[in-house]
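Number of protein chains: 2
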Amino acid sequence: VTQNIYDDPTFFSGYNQLDRSKHGLDGAPEWASLRALLPPLAGLRVLDLGCGFGWFCRYAHAQGAAHVMGLDVSENMLERARHMSERLEITYERQDLSELDLPAASTDLIYSSLAFHYIEDFTALMKNVVHALAPGGRLVFSIEHPIYMAPSQPDWQINADGIKTWPLNSYQIEGPRTTNWLANGVLKYHRTLGTTLNTLIQCGLRVTHVEEWQPSAEQLTPNPQWREELDRPMFLLIGAQLDSGRL
Amino acid sequence: VTQNIYDDPTFFSGYNQLDRSKHGLDGAPEWASLRALLPPLAGLRVLDLGCGFGWFCRYAHAQGAAHVMGLDVSENMLERARHMSERLEITYERQDLSELDLPAASTDLIYSSLAFHYIEDFTALMKNVVHALAPGGRLVFSIEHPIYMAPSQPDWQINADGIKTWPLNSYQIEGPRTTNWLANGVLKYHRTLGTTLNTLIQCGLRVTHVEEWQPSAEQLTPNPQWREELDRPMFLLIGAQLDSGRL
Numbered sequence: 000v001t002q003n004i005y006d007d008p009t010f011f012s013g014y015n016q017l018d019r020s021k022h023g024l025d026g027a028p029e030w031a032s033l034r035a036l037l038p039p040l041a042g043l044r045v046l047d048l049g050c051g052f053g054w055f056c057r058y059a060h061a062q063g064a065a066h067v068m069g070l071d072v073s074e075n076m077l078e079r080a081r082h083m084s085e086r087l088e089i090t091y092e093r094q095d096l097s098e099l100d101l102p103a104a105s106t107d108l109i110y111s112s113l114a115f116h117y118i119e120d121f122t123a124l125m126k127n128v129v130h131a132l133a134p135g136g137r138l139v140f141s142i143e144h145p146i147y148m149a150p151s152q153p154d155w156q157i158n159a160d161g162i163k164t165w166p167l168n169s170y171q172i173e174g175p176r177t178t179n180w181l182a183n184g185v186l187k188y189h190r191t192l193g194t195t196l197n198t199l200i201q202c203g204l205r206v207t208h209v210e211e212w213q214p215s216a217e218q219l220t221p222n223p224q225w226r227e228e229l230d231r232p233m234f235l236l237i238g239a240q241l242d243s244g245r246l
Numbered sequence: 000v001t002q003n004i005y006d007d008p009t010f011f012s013g014y015n016q017l018d019r020s021k022h023g024l025d026g027a028p029e030w031a032s033l034r035a036l037l038p039p040l041a042g043l044r045v046l047d048l049g050c051g052f053g054w055f056c057r058y059a060h061a062q063g064a065a066h067v068m069g070l071d072v073s074e075n076m077l078e079r080a081r082h083m084s085e086r087l088e089i090t091y092e093r094q095d096l097s098e099l100d101l102p103a104a105s106t107d108l109i110y111s112s113l114a115f116h117y118i119e120d121f122t123a124l125m126k127n128v129v130h131a132l133a134p135g136g137r138l139v140f141s142i143e144h145p146i147y148m149a150p151s152q153p154d155w156q157i158n159a160d161g162i163k164t165w166p167l168n169s170y171q172i173e174g175p176r177t178t179n180w181l182a183n184g185v186l187k188y189h190r191t192l193g194t195t196l197n198t199l200i201q202c203g204l205r206v207t208h209v210e211e212w213q214p215s216a217e218q219l220t221p222n223p224q225w226r227e228e229l230d231r232p233m234f235l236l237i238g239a240q241l242d243s244g245r246l
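First to last, the protein sequences are chains A and B. Taking my numbering, the leading residue of the first sequence gets 0, the next gets one more, and so forth. Taking my numbering, the leading residue of the second sequence gets 0, the next gets one more, and so forth.
Just so you know, these hints were derived from the structure itself, not from any lab. Some clues are possibly wrong.
The list treats identical chains as interchangeable, and a pair is accepted whether it falls inside one copy or across any two copies.
[Unchecked claim] With a straight-line Cα cutoff of 25 Å, these simulated SDA-like cross-link-like pairs (lysine to any residue) come out:
{"no.": "1", "residue 1": "163", "residue 2": "227"}
{"no.": "2", "residue 1": "187", "residue 2": "162"}
{"no.": "3", "residue 1": "126", "residue 2": "207"}
{"no.": "4", "residue 1": "163", "residue 2": "97"}
{"no.": "5", "residue 1": "21", "residue 2": "194"}
{"no.": "6", "residue 1": "163", "residue 2": "194"}
{"no.": "7", "residue 1": "163", "residue 2": "9"}
{"no.": "8", "residue 1": "187", "residue 2": "98"}
{"no.": "9", "residue 1": "163", "residue 2": "217"}
{"no.": "10", "residue 1": "126", "residue 2": "184"}
{"no.": "11", "residue 1": "163", "residue 2": "180"}
{"no.": "12", "residue 1": "126", "residue 2": "205"}
{"no.": "13", "residue 1": "187", "residue 2": "10"}
{"no.": "14", "residue 1": "187", "residue 2": "160"}
{"no.": "15", "residue 1": "187", "residue 2": "62"}
Every value quoted in this text rests on a predicted model; they were computed, and no experiment measured them.
Excised from the complex, chain A in its bound form:
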């Protein structure tokens, strides 16, 4: 069972104030990069794992997806998603991503934004993803970058020469990381980039793109504070496709 931090009132209230909650997909700096990994959505059966307020589900619906379903563990999120999606043919369902129950070969695209790092057993999750993908189906997801998640003290350091650095340690020590972000005791699971990719490969997915997100020059001009993102990546964006056969 995954920690349901989004139904914690303090966390939920803080989450509501984020740009990505108030402004949707365009409020997320990495959205343009994630969107670039998507196939054309028209006619596709689309599943969003950790759909939150349903921003992506509504985007997929507007792009002409044939069927759109959003799953989330948080009742708060689903209630808001349903409210914002009235009169749209989108299915929202409460499911814990660590206990997915999905029909076989039922989906052309599985999408997930910043949800998988809350899941302890990534292999089990990927087995469920592969089970649910139709032949040639795609997985596009983002997670917090392992460089961002790994440190025991994830705060910028200024060294004696005035140089700002990210104090990386424990990178190879996989497992839980507890941080205080919006609320105390938010539980995430750190995995190396190698483990994440090898899990996809071993489950039968072909890795098609690996992006360690950074702001573009166009984004840096109005947001100079994002320059620190050039020192260490915060988000990891991955595209993969169900293998059509072994070499």
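Using the hints, position chain B against chain A.
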């Protein structure tokens, strides 16, 4: 033209003293992990890019490879390689990896240990690799990990709480890194992990394994000083295979 640091007398003399120079493959802590990515070598045509003293070429020959060729830019290395390989059917040739001239579809396995991070144009290198691989052919290589290469000051820091950290910065700033290792002014090229993998994929290779090397428990017992390798990866090991067709 690649900097030929191995023919610098100071560098070469220092390099000669390393365990991996004195003891060969088994003197390199990451060798067992790299070997695990190799296919059975018997009958294969094997090419080693940056073959150094020829340790891997002799290993491939002993494993029954059908044809073994080692390329290196350093005359010092090649001379020693030839001397150590007398009476073995191994071809050594001087070539700059940035200006490779290889026959098409002539190789079943291209291997490279800790050489590609000296090459500025990785895309050109991978195009040459793909050109030289026979259908189903494999690429297995190691490089210094981008986390290890990126920092402007790549030295461990001890923070106010006595915690050892790796001062990561400039991760997204790809390009030259000059370090003083064995000799002053050793020139390497930093690329993000994403760039390395996407280059392989775009050149038509399928990524089959990505390993951020760490010492095993068996290695840590006699080498407790390697424990810092758990805080940040030093080596990146990659396996890839020539695509047999697009999805």
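Comparing the hints with the structure gives:
1. 163 / 227: For residue 163 and residue 227, the Cα distance is within 25 Å both inside one copy (8 Å) and across copies (21 Å).
2. 187 / 162: between (29 Å within a copy, 22 Å between copies)
3. 126 / 207: both (18 Å within a copy, 18 Å between copies)
4. 163 / 97: neither (37 Å within a copy, 34 Å between copies)
5. 21 / 194: The answer is neither: 34 Å in one copy and 32 Å across copies each exceed 25 Å.
6. 163 / 194: Classified as between; 24 Å across copies, 28 Å inside a copy.
7. 163 / 9: Neither: 31 Å inside a copy, 33 Å across copies.
8. 187 / 98: within (17 Å within a copy, 46 Å between copies)
9. 163 / 217: within (23 Å within a copy, 36 Å between copies)
10. 126 / 184: neither (28 Å within a copy, 48 Å between copies)
11. 163 / 180: both (21 Å within a copy, 24 Å between copies)
12. 126 / 205: both (14 Å within a copy, 20 Å between copies)
13. 187 / 10: within (14 Å within a copy, 44 Å between copies)
14. 187 / 160: Between copies, since 24 Å is at most 25 Å while 33 Å is not.
15. 187 / 62: Classified as neither; 32 Å inside a copy, 45 Å across copies.
In the structure shown, a violation is registered for the earlier hints numbered 4, 5, 7, 10, 15, in ascending order.
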